[in-house]
Every structure is written in C-alpha cells, then in structure tokens.
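Undergrad: Listed below, chain by chain, are the residues.
Number of protein chains: 2
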Amino acid sequence: MKIALAQLNYHTGNFESNINKIRSSINKAKGLGADIIVFAELAISGYPPRDFLEFNDFIAQCNDAISNLAEDCVGIAAIIGSPSINPNVEGKDLFNSAYFLADGKVKHIVHKTLLPTYDIFDEYRYFEPNTKFEVIEYKGNKIAITICEDLWNIMDNPLYTVCPMEELINQKPDIMINIAASPFHYKQAIIRKNTLQKNAAKYGIPLFYVNHVGGQTELLFDGASLVMNGFGEFIDELDYFKEDFKIFDSETIQKPLLNKHTQKLTSEIELIHDALVMGICDYFNKLGFKQAILGLSGGIDSALTLVLAERALGKENVRAILLPSKFSSDHSIEDAKKLAENLQVKYDIISIEEANDCFTNALSPYFKDLPFNVTEENIQARIRAVILMALSNKFGYILLNTSNKSEAAVGYGTLYGDMCGGLSVLGDLYKTQVYELAHFINVEKEIIPYNSIIKPPSAELRPNQKDSDSLPDYAILDKLLYLYIELRQGPKEIIAQGFDKKLVDRVLKMVNMNEYKRHQTPPILRISSKAFGMGRRMPIVAKYLS
Amino acid sequence: MKIALAQLNYHTGNFESNINKIRSSINKAKGLGADIIVFAELAISGYPPRDFLEFNDFIAQCNDAISNLAEDCVGIAAIIGSPSINPNVEGKDLFNSAYFLADGKVKHIVHKTLLPTYDIFDEYRYFEPNTKFEVIEYKGNKIAITICEDLWNIMDNPLYTVCPMEELINQKPDIMINIAASPFHYKQAIIRKNTLQKNAAKYGIPLFYVNHVGGQTELLFDGASLVMNGFGEFIDELDYFKEDFKIFDSETIQKPLLNKHTQKLTSEIELIHDALVMGICDYFNKLGFKQAILGLSGGIDSALTLVLAERALGKENVRAILLPSKFSSDHSIEDAKKLAENLQVKYDIISIEEANDCFTNALSPYFKDLPFNVTEENIQARIRAVILMALSNKFGYILLNTSNKSEAAVGYGTLYGDMCGGLSVLGDLYKTQVYELAHFINVEKEIIPYNSIIKPPSAELRPNQKDSDSLPDYAILDKLLYLYIELRQGPKEIIAQGFDKKLVDRVLKMVNMNEYKRHQTPPILRISSKAFGMGRRMPIVAKYLS
Chain A
0 MKIALAQLNY
10 HTGNFESNIN
20 KIRSSINKAK
30 GLGADIIVFA
40 ELAISGYPPR
50 DFLEFNDFIA
60 QCNDAISNLA
70 EDCVGIAAII
80 GSPSINPNVE
90 GKDLFNSAYF
100 LADGKVKHIV
110 HKTLLPTYDI
120 FDEYRYFEPN
130 TKFEVIEYKG
140 NKIAITICED
150 LWNIMDNPLY
160 TVCPMEELIN
170 QKPDIMINIA
180 ASPFHYKQAI
190 IRKNTLQKNA
200 AKYGIPLFYV
210 NHVGGQTELL
220 FDGASLVMNG
230 FGEFIDELDY
240 FKEDFKIFDS
250 ETIQKPLLNK
260 HTQKLTSEIE
270 LIHDALVMGI
280 CDYFNKLGFK
290 QAILGLSGGI
300 DSALTLVLAE
310 RALGKENVRA
320 ILLPSKFSSD
330 HSIEDAKKLA
340 ENLQVKYDII
350 SIEEANDCFT
360 NALSPYFKDL
370 PFNVTEENIQ
380 ARIRAVILMA
390 LSNKFGYILL
400 NTSNKSEAAV
410 GYGTLYGDMC
420 GGLSVLGDLY
430 KTQVYELAHF
440 INVEKEIIPY
450 NSIIKPPSAE
460 LRPNQKDSDS
470 LPDYAILDKL
480 LYLYIELRQG
490 PKEIIAQGFD
500 KKLVDRVLKM
510 VNMNEYKRHQ
520 TPPILRISSK
530 AFGMGRRMPI
540 VAKYLS
Chain B
0 MKIALAQLNY
10 HTGNFESNIN
20 KIRSSINKAK
30 GLGADIIVFA
40 ELAISGYPPR
50 DFLEFNDFIA
60 QCNDAISNLA
70 EDCVGIAAII
80 GSPSINPNVE
90 GKDLFNSAYF
100 LADGKVKHIV
110 HKTLLPTYDI
120 FDEYRYFEPN
130 TKFEVIEYKG
140 NKIAITICED
150 LWNIMDNPLY
160 TVCPMEELIN
170 QKPDIMINIA
180 ASPFHYKQAI
190 IRKNTLQKNA
200 AKYGIPLFYV
210 NHVGGQTELL
220 FDGASLVMNG
230 FGEFIDELDY
240 FKEDFKIFDS
250 ETIQKPLLNK
260 HTQKLTSEIE
270 LIHDALVMGI
280 CDYFNKLGFK
290 QAILGLSGGI
300 DSALTLVLAE
310 RALGKENVRA
320 ILLPSKFSSD
330 HSIEDAKKLA
340 ENLQVKYDII
350 SIEEANDCFT
360 NALSPYFKDL
370 PFNVTEENIQ
380 ARIRAVILMA
390 LSNKFGYILL
400 NTSNKSEAAV
410 GYGTLYGDMC
420 GGLSVLGDLY
430 KTQVYELAHF
440 INVEKEIIPY
450 NSIIKPPSAE
460 LRPNQKDSDS
470 LPDYAILDKL
480 LYLYIELRQG
490 PKEIIAQGFD
500 KKLVDRVLKM
510 VNMNEYKRHQ
520 TPPILRISSK
530 AFGMGRRMPI
540 VAKYLS
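Residue numbers (numbering that gives the first Met the number 0), protein chains in the order written: chain A, 0 to 545; chain B, 0 to 545.
Simulated from the structure, these hints should not be mistaken for laboratory data.
Just so we're clear, the structure is a prediction, and the values are computed from it rather than from any experiment.
Idealized CB from N, CA, C, for every residue including glycine.
Incorrect hints may have been included.
[Unchecked claim] No farther apart than 27 Å at their CA atoms in a straight line, the calculated lysine-lysine pairs in the DSSO-like style are these:
| # | chain 1 | residue 1 | chain 2 | residue 2 |
| --- | --- | --- | --- | --- |
| 1 | B | K325 | A | K393 |
| 2 | A | K542 | B | K241 |
| 3 | B | K245 | B | K20 |
| 4 | A | K367 | B | K336 |
[To be verified] Incomplete in silico selection of chain A near chain B, CB under 7 Å:
| # | residue |
| --- | --- |
| 5 | D50 |
| 6 | Q170 |
| 7 | T374 |
| 8 | N377 |
| 9 | A384 |
My request is simple: use the sequences and hints to build the entire structure.
TA: This is the structure we're talking about:
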C-alpha cells in the first residue's frame with residue numbers, strides 16, 4: 000500500500016488556505032498513485048486552535064471543510080485531523096479526531112485518547128478522551144490510527160492510566176499511523192524519534208508519522224515527519240522547518256534493513272537558528288506583515304535579532320534604529336552601524352537626549368533632589384520604545400523585541416521600554432545561548448561585529464554600567480536558571496549541586512517577583528522545553544521563594 | 000455534631016501565613032466546642048497555585064504544613080484542602096485532596112474526582128482524577144467529602160461521565176461536606192446556590208460548603224460559604240468578600256424549615272463593586288504595596304477607577320495625575336480636579352505638551368509631511384505612560400490601568416500607553432457597566448462629577464475626537480461583544496438576533512485582530528463569566544473572522 004505523508008504549514012482558523020493546501024496534496028498524491036494520504040493532527044483548524052474551539056461556528060466550519068474534502072477522496076483515502084462533535088450527552092462536547100475519508104465520504108472517525116494537558120498543551124480543556132479502540136481496514140490492511148500523545152505513554156512513569164496501542168494491538172493491525180502536532184524544542188527531535196522508535200519496535204509493525212511544520216505565534220513546529228519499520232528501524236524522514244511530501248510503500252519496508260540509514264545529525268544551535276528564522280517568517284506572513292523594525296544598541300542581543308530578522312524577512316524588510324544617549328559608548332554606535340552595513344540593512348540614528356531632558360524637567364518638581372536610580376534608567380528605555388513604536392505605527396512595521404531569557408527571568412529589563420515589541424525573538428535563549436548562536440552565525444565570516452560579542456554586556460543606562468553590577472556572571476546565572484525553570488528544581492536541590500545559598504535565594508526571588516513583568520511581554524518564540532509564555536503559568540500575586 | 004466553617008483569605012505560596020490562619024481557626028473552633036472544622040480547597044497552598052505545583056519543593060512544603068497542623072487536631076477534626084502525592088506509577092503525580100486530620104494525625108485523604116479544565120481552571124494540568132469513593136466515619140456520622148467541581152455534574156448536559164455523589168450515596172452518608180475554590184462572577188453566587196441546593200435536595204442530607212474569599216491576582220473569591228439542610232433548604236451563609244467563621248449543629252438542621260429564611264438579595268452591580276474593591280485591596284496587600292497612582296483624564300473610566308482605589312486603599316494612598324495636552328478640553332481638567340477634591344485625593348497636573356513637541360521634532364525627518372494619524376495619538380498616550388511609570392518607579396506606587404472591557408475588546412487603546420499598569424480595575428466591565436457602576440457610586444451624592452458621566456466619551460487625542468467617531472454606540476457594541484465573548488456566539492447567530500451584518504463582521508474582526516494587544520495587558524480583575532486574561536485563550540496569529 001502506498002502511503003503519502005503531507006507535512007504542511009497550516010494557518011490557524013484560515014479554512015480557505017488550509018483546505019486548498021490539503022486538496023492540492025490529495026490531488027498530487029492521487030496523481031502519484033498513492034492509496035492513502037496522511038495529514039497532521041487538527042490540520043483543518045491549525046494547531047493549536049485554542050478557544051476558537053468553543054465557538055460552534057468554528058466547529059461548523061471544520062465540519063464543512065471535512066465534508067468538502069471527502070468529495071475529493073475518490074480513488075484515494077485521506078486521514079485528516081479535525082475536531083469532531085461528541086454525540087454523547089455526558090462529557091466534553093468535542094473529540095480531537097482523525098477523519099478517515101474514502102469513496103467520497105467520511106468512512107471512519109478515530110478519537111484521541113491521551114489528551115496532553117501540561118506545559119503548552121491544553122487539550123482536556125476542549126476534548127473528551129476516547130474510550131473505544133478499533134483498527135480500520137482499508138485495501139486489505141488493518142491500520143491502527145492514533146493521534147500524537149497516544150503513542151507517548153510508553154515511558155517508565157506513564158502520565159496516563161490507559162495505553163491506546165495496547166488496546167489496538169489486540170486487533171492485529173498491519174501498520175500504525177500517527178498524526179501529530181508536536182512542537183519543537185531543541186531536544187525534542189531526538190526524544191520524539193526515540194519514542195516513535197520504541198513504539199515501532201514494541202508493536203512490531205511499521206509506523207508512519209505526520210507532524211505539523213511552521214510557526215503558530217510562539218509555538219514552532221519542526222516537521223520531521225517520519226517512517227519506521229516494524230523492527231524499530233528508521234526508514235526516512237521529511238524535511239525540518241519546511242513543508243514536505245513523500246510517498247512510501249508499506250510492503251517494501253517490512254524487512255529489517257541491511258544497511259542502517261545514517262541520519263544527519265544537526266546541532267542544537269543550528270536547529271534553534273532554523274526554528275527562530277521560521278518563527279519570525281511565519282509570524283509576519285500569517286499576520287500579513289512584511290517589515291520589521293528594531294532598536295540596535297551595539298550589544299549582542301539586538302545584533303543577533305537583526306541577523307535573524309534579516310534572514311527571515313530579507314534585508315529590504317528590516318530597519319534598524321540606533322537610539323543613543325549620553326551613556327552610549329562610541330563603540331556601541333560603531334558596532335551597531337557596522338552590523339547594519341554588513342547586512343546592508345537600512346539604519347537611522349535618533350538621539351534620545353532631548354526627550355530625556357524634557358522628561359527630566361517635567362518630573363524635577365516631583366523628584367527634587369532624589370538620587371538618579373532605576374527610574375531614570377527606565378525613562379531612557381521607555382523613550383526608545385516611544386520612538387520605535389511611533390515608527391512602527393506610522394509605517395506598519397512590527398517592532399521586534401530583543402530581550403533574552405536570562406534578563407526576562409530576573410526582571411532585568413524595562414516594562415514598556417526594552418520589553419516592548421510584537422514578537423520576542425530571543426526570549427527563550429539564555430544569554431549564554433545568545434553567545435553560542437552569535438558564534439554559529441559568525442562561523443564562516445564576521446557578520447556580527449566581533450566587538451559586540453566580546454565586550455562586557457551593558458544596558459548603558461548610567462555611566463559605566465555593566466550587567467555584572469546587578470547580576471551574577473551569566474555562566475553561573477544561566478545554569479541556575481535552567482535548574483529552576485526547565486527542571487523545576489527547588490532551592491535545596493540547586494544548592495546541593497554546589498551553588499551558593501545566598502545567590503540561589505536571591506536569584507529565585509528575582510525570578511518569582513518578576514512574574515508581573517513577564518505577564519506583559521510579547522509572545523516569545525519557544526525553543527526550549529520550558530519557555531516563558533503559555534507553557535509556564537505562575538501566579539503574579541504570591542509569596543513563594545520571594 | 001458541631002461543624003465549624005472557616006472562610007479564610009489565603010496568600011498563594013505563603014505557607015507561614017496560611018498555616019497561622021488555619022491554626023488559629025482550629026484553636027478558636029476547639030475553644031467553642033466544635034467537633035470538626037472545615038477549610039477550603041487547596042487552603043494550604045492558596046488557590047490557584049498554578050505551576051508552583053510542579054515544584055517538588057512546593058509540594059514538600061504543603062506536606063509539612065499538613066503534618067504540622069495535624070498535631071493541632073487533638074479533640075477536634077479538621078478537613079483541609081492540599082495537594083497530595085499520587086502513590087501510583089501511572090497517571091499524574093498529584094491529587095487535589097481533602098485531608099481529614101484527627102487524633103493528632105492524618106486519618107484520611109479524599110481526592111477530587113472532577114477536575115475543572117476550562118475557562119480559568121487548569122486542574123487536569125496538575126492532578127489525576129480520583130476513582131475510589133469512600134465516606135468517612137467520625138463520631139458516629141458518615142461524611143461524604145467532595146471537592147468543589149465534584150458536586151457540579153448535576154446539570155442536564157454533564158461535563159463528566161462520572162458523578163462522585165452517585166457513588167458516595169450508596170454508602171448512606173449522613174452529611175455532605177464540600178470544600179471549594181469557586182471564584183466570583185456577577186452571576187455565580189446564584190448559580191452556585193442553585194447547584195448546591197440541587198445536591199442537598201437530591202441526596203436528602205445536609206450540605207456544608209466552604210469557599211475561599213479574597214483576591215488572587217485576577218481571580219476574586221466571594222466567600223459565601225453556606226449550609227443547606229437535607230430538604231435543599233438554605234440554612235445560612237457566611238459573609239461575602241470577607242473572612243468569616245460560623246459553627247453549625249448538624250442535628251438541629253435535620254428538619255424542614257417552618258419559616259424559610261429570606262436571603263438578602265444583593266444587586267449585581269453592588270457585588271461587582273465589592274468584588275473590585277476587595278480585588279484592589281488584596282492585589283496591593285499581598286504584593287506588599289500600599290499606594291496607587293493613576294492618570295486622571297476627567298473621563299468616566301479613570302474617575303471610577305480612582306473611586307474604587309480610594310475605597311480599597313484609603314485616600315492617603317492614592318495619587319492622581321492630570322496629564323493634559325492641547326487636545327484636552329477645559330471641562331476635562333475641571334472634572335478631574337473636582338473628583339480628586341471630592342475624594343480628598345492628592346493630585347498633580349503635568350502637561351505633556353513639551354514632551355510631545357520633542358518627539359514630534361525628533362520624528363519629523365522621518366514622518367515628513369505624512370498626515371496626523373493614530374501614530375500621533377499613540378505618542379501622547381505613551382508620553383503619559385512614561386510620566387506615570389516614572390512616578391511609580393520613583394515612589395513605589397503601583398500604576399492602575401483604567402481601560403474598560405469594550406475598549407480592550409476592540410483594541411481602542413494604546414499599547415504601552417493607556418494600556419499600561421500593574422492592575423486593570425475595570426478591564427472586565429463593558430462601558431455600559433462602567434456607567435452603571437458610576438451611577439451606583441453616585442446614588443446618594445455626587446462623588447463622580449455628573450459631567451464625567453454625561454459627556455460623550457472621548458480619548459481627547461485629536462481635535463474634537465469622540466469614541467463614536469471610531470466605534471459603534473456602546474449600547475449596541477456592548478450587547479454584540481457580550482454575545483461574542485461571554486456566549487461565544489458566531490456571526491450567524493449574532494446577526495440572526497437583528498444586528499447589522501456589516502457591523503457584526505467589523506466588530507468581530509476588531510476583536511480577533513487585537514489579541515496581540517490584550518496579550519500584553521496587565522491582569523484584569525475578573526467579574527464576568529468570561530474575562531480577558533487566563534480564562535480566555537486565543538491564538539494571536541490566526542485568521543478567523545479577521
């Protein structure tokens with residue numbers, strides 16, 4: 000049986016576009032003699048559709064799309080993810096389903112059993128879990144269809160008390176097909192491949208897996224749809240970060256491989272690079288914007304953001320603004336200019352000095368002789384935001400935020416100042432990862448001025464300021480933050496690994512006290528297993544480690 | 000059996016404070032001869048603890064608190080909500096539990112079966128549902144303990160396929176005790192009472208119900224813990240929006256009432272008023288802040304916000320700043336002054352004209368002869384934000400946001416301008432509700448200047464601007480928004496109710512296109528069944544009705 004895998008970049012809620020993409024893939028597969036074509040989980044709606052699922056109108060449009068596409072499925076079958084209505088009175092109103100379309104109609108509907116509800120996933124918010132298990136017969140093949148998480152209960156400490164494949168295997172399926180919406184993080188591709196490999200090996204039948212690709216606000220889908228044989232051996236995979244389409248013959252992959260495929264191993268930093276470029280690109284395209292603006296300081300964060308934006312949008316679509324103050328060092332301006340010139344990106348220099356004087360005067364009757372403190376630093380950052388947002392509003396740019404995860408974690412940034420923007424590009428990269436990515440970009444030639452990379456980081460909001468005046472060394476800070484944020488370790492566990500108790504207490508307190516700031520930040524492109532944003536939900540008003 | 004109900008205001012993650020409150024209630028109840036004292040759901044941690052639950056350290060502190068409190072339970076039993084660790088390998092790591100403490104130790108642990116995972120609730124994110132049902136015997140009484148949602152599956156279209164009381168009633172309990180964390184919205188008190196009444200009547204035994212009280216960031220808990228007899232008759236309730244404590248004798252409420260209690264009926268607008276005042280108060284208290292600042296425009300939104308802040312924090316703790324521009328009308332400044340004087344609140348006038356000229360000059364080489372548009376409007380709003388945030392930073396005020404729900408819905412506000420603030424007070428009130436609440440405040444005397452209420456709403460960001468230039472009449476807009484936001488009706492359903500198709504399409508598009516703005520707003524005190532914030536989760540990048 001010839002099985003086509005269609006790895007597409009869907010646009011949430013854009014039924015017209017999603018249907019057209021699916022239809023043209025069905026026609027292509029038919030033309031190439033495929034028996035079945037497989038699309039991703041919730042392909043019709045895009046993933047995640049979030050609370051659109053609570054609108055009957057939205058569900059009706061999903062159902063209409065399925066009905067229309069069913070008519071295309073003559074001479075070919077299609078498996079397509081879409082929500083379906085739960086016919087039972089009890090339970091949630093919807094299932095997360097895989098429609099099996101053939102002979103011009105809906106032949107079967109298979110529902111998802113295991114509903115991920117953790118990190119960025121909210122599936123039990125919307126869906127009733129499946130409780131009935133049936134393989135589907137088509138052209139003499141018994142197919143066990145599962146949806147994403149359904150194959151993930153294979154760990155030692157399973158998250159669910161049911162295991163769908165344990166039920167389905169009793170019906171002796173010939174192949175497994177899994178449709179998924181499995182978002183990228185920089186370790187996920189390997190974890191995912193291991194999980195799928197375990198399934199194929201355990202159940203002893205080939206596995207065909209189709210994932211989403213593309214950026215959905217903060218979530219980045221890397222694609223990497225794949226095929227395993229029944230010996231748990233890797234047969235082939237589809238592209239990363241791009242749409243792709245391939246056809247496989249389920250007969251020819253029944254035997255163990257004589258020569259194991261060598262899989263290309265991409266470094267984590269290259270994956271992160273490609274994910275971010277795709278994420279910027281899709282954020283703009285899907286919102287209908289073309290052009291980005293950002294404040295270029297001469298520091299490494301804005302430099303790296305500019306490079307990624309230029310790669311995603313093209314040099315003609317990116318504008319850099321240098322916003323010097325009396326605290327800006329000469330080399331900062333020079334480094335910023337040099338980068339803009341390296342990239343051939345348009346830049347302008349707008350001093351914030353006059354505006355700063357103006358606010359200082361307006362506030363002097365109230366501030367009187369109170370000493371210069373973080374207030375005056377914030378004013379500078381906010382003046383820059385006013386200027387950048389004015390240009391953004393006037394010319395239709397999206398302002399890119401240039402904060403990194405280390406800063407966001409400890410609240411080292413100005414709300415309504417440098418924390419502004421439509422999209423945070425680096426907000427899920429610790430400062431040490433920012434350096435790593437800058438080096439990756441410079442590997443062949445000096446794109447980011449070497450000076451931006453080697454100079455001590457500084458916000459340049461007071462004379463001779465350095466990040467290290469207020470923060471521990473990033474090499475230490477980032478390790479500590481990783482233990483707390485990604486691994487959810489508490490102070491005792493962290494201290495037990497050799498970190499200074501005072502430092503740990505201080506840093507964790509900073510993280511927890513700054514939830515209010517992170518609450519108001521732009522969406523952050525997610526590249527780690529625990530990003531600030533929809534996947535990390537903390538109380539703002541609380542007193543825990545703070 | 001004498002049962003004490005302790006309705007307390009917990010502080011999320013503040014174990015010391017929560018334990019002290021619980022302990023002193025246990026001692027008080029013991030002193031008054033109570034047999035059992037009942038506390039709310041997840042009382043130990045505060046509700047909602049959100050992702051703190053993912054930290055082993057946090058769970059260990061909950062467990063320590065329970066162990067300590069158990070030692071106090073000699074001569075009295077206590078039922079206290081806290082997370083507990085799931086001993087099974089399969090399933091989520093935690094249960095949402097009610098600990099039954101007596102004889103100085105943990106005697107029983109009852110787990111929650113129905114885990115609300117919709118709107119503001121995320122319980123299946125953390126907890127494994129209970130599957131075992133056992134009543135607890137104490138002093139010759141069989142007690143059916145359930146946790147909040149466990150009693151809510153009694154509707155015609157039940158959300159769950161299990162009904163805990165249907166299991167427990169087989170064991171012939173004498174009373175029901177339900178511990179809850181049921182947040183306020185302006186229709187919730189009645190819905191809740193009806194639901195509890197149905198349970199008491201259906202199962203024919205008295206029901207003792209303990210809720211949280213207090214503000215937890217955006218969530219407001221109204222308390223209103225209550226007792227029903229086995230005939231579904233209302234016996235008594237605890238206070239609204241305040242801590243309270245009462246003892247009931249389960250024997251004396253076994254008979255039907257001869258004279259039904261007449262329950263005080265509080266108007267929705269009074270409930271909203273009290274909820275908002277409590278919400279402001281708790282937001283400040285629990286964050287360790289005392290003083291608020293806000294921009295007072297002379298319009299109704301900031302006027303109402305100021306009154307509520309003054310009631311929550313005291314007149315000495317609120318500061319109003321008038322920030323006029325050349326577009327501000329004389330009456331605006333006069334109305335703002337008059338309100339500040341009525342309330343005896345300190346105010347200052349800081350013109351934004353000079354700063355506005357400064358930005359205009361800085362940007363003129365780029366804007367050239369382009370016409371005045373929303374860009375210049377936004378600059379004014381952002382200058383105000385810079386000044387307010389500078390005062391906030393310098394003196395330790397929290398800036399109160401004064402946006403309403405109608406504006407937030409259609410994006411009629413400036414990001415990093417009037418959308419700034421630490422807390423949005425009116426962000427869940429439609430403009431028509433803002434008027435209603437202003438009238439309620441003025442019912443005895445003119446506190447909010449009458450002129451602020453009757454003049455046509457205006458942002459005063461360009462000459463003779465009125466909200467009605469850009470938006471439909473609020474009376475129509477608000478009805479339409481309610482159908483879309485609260486009732487999740489689609490365009491067809493709304494148009495079928497007589498709204499103009501063009502208007503509906505335009506408004507729904509505005510709502511959906513402005514998710515990016517709402518993503519960056521402060522927490523909004525929730526008073527409706529569907530507030531912007533944690534309970535409404537929409538994609539930013541999407542194309543549905545937009």
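Undergrad: Each hint should be assessed against the structure and marked as holding or not.
TA: Status of each hint after checking the structure:
no. : hint                 : verdict
1   : K325(B) with K393(A) : holds (21 Å)
2   : K542(A) with K241(B) : holds (21 Å)
3   : K245(B) with K20(B)  : holds (15 Å)
4   : K367(A) with K336(B) : holds (24 Å)
5   : D50                  : holds (5 Å)
6   : Q170                 : violated (23 Å)
7   : T374                 : holds (4 Å)
8   : N377                 : holds (6 Å)
9   : A384                 : holds (6 Å)
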